[in-house]
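**Student:** Sequence:
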Amino acid sequence: MIRKIILMLFVAVMLYGCGYRLSGTGAFLPGHVKTILIRNFENETSRYQAEQFVTFAVRDEFIRRVRLKMVEGMDEADAVLEGRIISFTVTPVSYSESAADKFQVSIVLDIRLMDLKEGRVLFENRHLRFVDAYEVDSADFFSMETESLQRISRAFAVSVVTSILEDF
Numbered sequence: 001m002i003r004k005i006i007l008m009l010f011v012a013v014m015l016y017g018c019g020y021r022l023s024g025t026g027a028f029l030p031g032h033v034k035t036i037l038i039r040n041f042e043n044e045t046s047r048y049q050a051e052q053f054v055t056f057a058v059r060d061e062f063i064r065r066v067r068l069k070m071v072e073g074m075d076e077a078d079a080v081l082e083g084r085i086i087s088f089t090v091t092p093v094s095y096s097e098s099a100a101d102k103f104q105v106s107i108v109l110d111i112r113l114m115d116l117k118e119g120r121v122l123f124e125n126r127h128l129r130f131v132d133a134y135e136v137d138s139a140d141f142f143s144m145e146t147e148s149l150q151r152i153s154r155a156f157a158v159s160v161v162t163s164i165l166e167d168f
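According to the numbering used here, the sequence shown is numbered sequentially starting from 1.
What the hints contain is simulated information worked out from the structure, not anything from laboratory work.
Treat the hints with caution; some may be incorrect.
[Claimed, not checked] Derived CB-CB ranges, DEER-like:
1. 101 <-> 44: 27 to 37 angstroms
2. 52 <-> 2: 20 to 30 angstroms
3. 73 <-> 95: 16 to 26 angstroms
4. 52 <-> 30: 44 to 54 angstroms
5. 94 <-> 72: 24 to 34 angstroms
6. 129 <-> 75: 14 to 24 angstroms
7. 98 <-> 44: 11 to 21 angstroms
8. 117 <-> 166: 38 to 48 angstroms
9. 93 <-> 69: 10 to 20 angstroms
10. 104 <-> 52: 16 to 26 angstroms
11. 135 <-> 45: 48 to 58 angstroms
12. 96 <-> 67: 27 to 37 angstroms
13. 72 <-> 106: 28 to 38 angstroms
14. 40 <-> 118: 35 to 45 angstroms
[Stated by the list, open to error] Mimicking DSS-like on lysine-lysine, the simulated pairs with C-alpha atoms at most 27 angstroms apart in a straight line are:
15. 102 <-> 34
16. 102 <-> 69
17. 117 <-> 69
Think of the CB as a built atom: it goes at the ideal place given N, C-alpha and C, for glycine as much as any other residue.
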């Protein structure tokens, strides 16, 4: 019994001493970053509500994975995450006899995480491109496009939050 306890203590000390951390939990952000403001994404496209889908997905992913307090004002924030949607396209990729029946949705975004306390960029990635495809009949075109935008927004959020958490 004593051997097991000693072995467990040894393993714990070794893991601690090696700097072992769980990835994707925010342990790699600077220690002084305790609060974050996630601004609404700017939408430079004509796709109505694209910024709402992306902003919601990013906030949701941060809440799910990061132990930072979300704040509403710059004066409360240690860091701010900003982004913009610079392109949104829907392209037909497959046709039936009378019309397109498969479409590809593509979205291109810029994102930046600023450390407000030290005035430096913690993470920046420009021209991130995400793509999704969907099949549809003509009656469902807009609802399927919206579902595709939601899937792309979630994929973007997961990718960005993972990159931010594991880059530090």
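**Student:** Could you run down the list of hints and mark each one as holding or not?
**Tutor:** The hints, checked one at a time:
1. 101 <-> 44: 27 to 37 angstroms: Since residue 101 and residue 44 have Cβ atoms about 30 angstroms apart, the given range 27 to 37 angstroms holds.
2. 52 <-> 2: 20 to 30 angstroms: violated (60 angstroms)
3. 73 <-> 95: 16 to 26 angstroms: violated (50 angstroms)
4. 52 <-> 30: 44 to 54 angstroms: This hint is violated: roughly 30 angstroms between Cβ atoms.
5. 94 <-> 72: 24 to 34 angstroms: violated (44 angstroms)
6. 129 <-> 75: 14 to 24 angstroms: violated (34 angstroms)
7. 98 <-> 44: 11 to 21 angstroms: violated (34 angstroms)
8. 117 <-> 166: 38 to 48 angstroms: About 22 angstroms separates the Cβ atoms of residue 117 and residue 166, which means 38 to 48 angstroms is violated.
9. 93 <-> 69: 10 to 20 angstroms: Violated, at about 43 angstroms.
10. 104 <-> 52: 16 to 26 angstroms: holds (22 angstroms)
11. 135 <-> 45: 48 to 58 angstroms: Given about 23 angstroms between the Cβ atoms, the range is violated.
12. 96 <-> 67: 27 to 37 angstroms: violated (50 angstroms)
13. 72 <-> 106: 28 to 38 angstroms: Holds, since residue 72 and residue 106 (Cβ atoms, about 32 angstroms apart) stay within the stated range.
14. 40 <-> 118: 35 to 45 angstroms: Because 24 angstroms falls outside the window, the suggested range is violated.
15. 102 <-> 34: Measuring from Cα to Cα gives roughly 45 angstroms; hence the hint is violated.
16. 102 <-> 69: With Cα atoms ~42 angstroms apart, residue 102 and residue 69 exceed 27 angstroms; violated.
17. 117 <-> 69: holds (16 angstroms)
Consistency with the previously given hints fails for numbers 2, 3, 4, 5, 6, 7, 8, 9, 11, 12, 14, 15, 16, ordered from lowest to highest.
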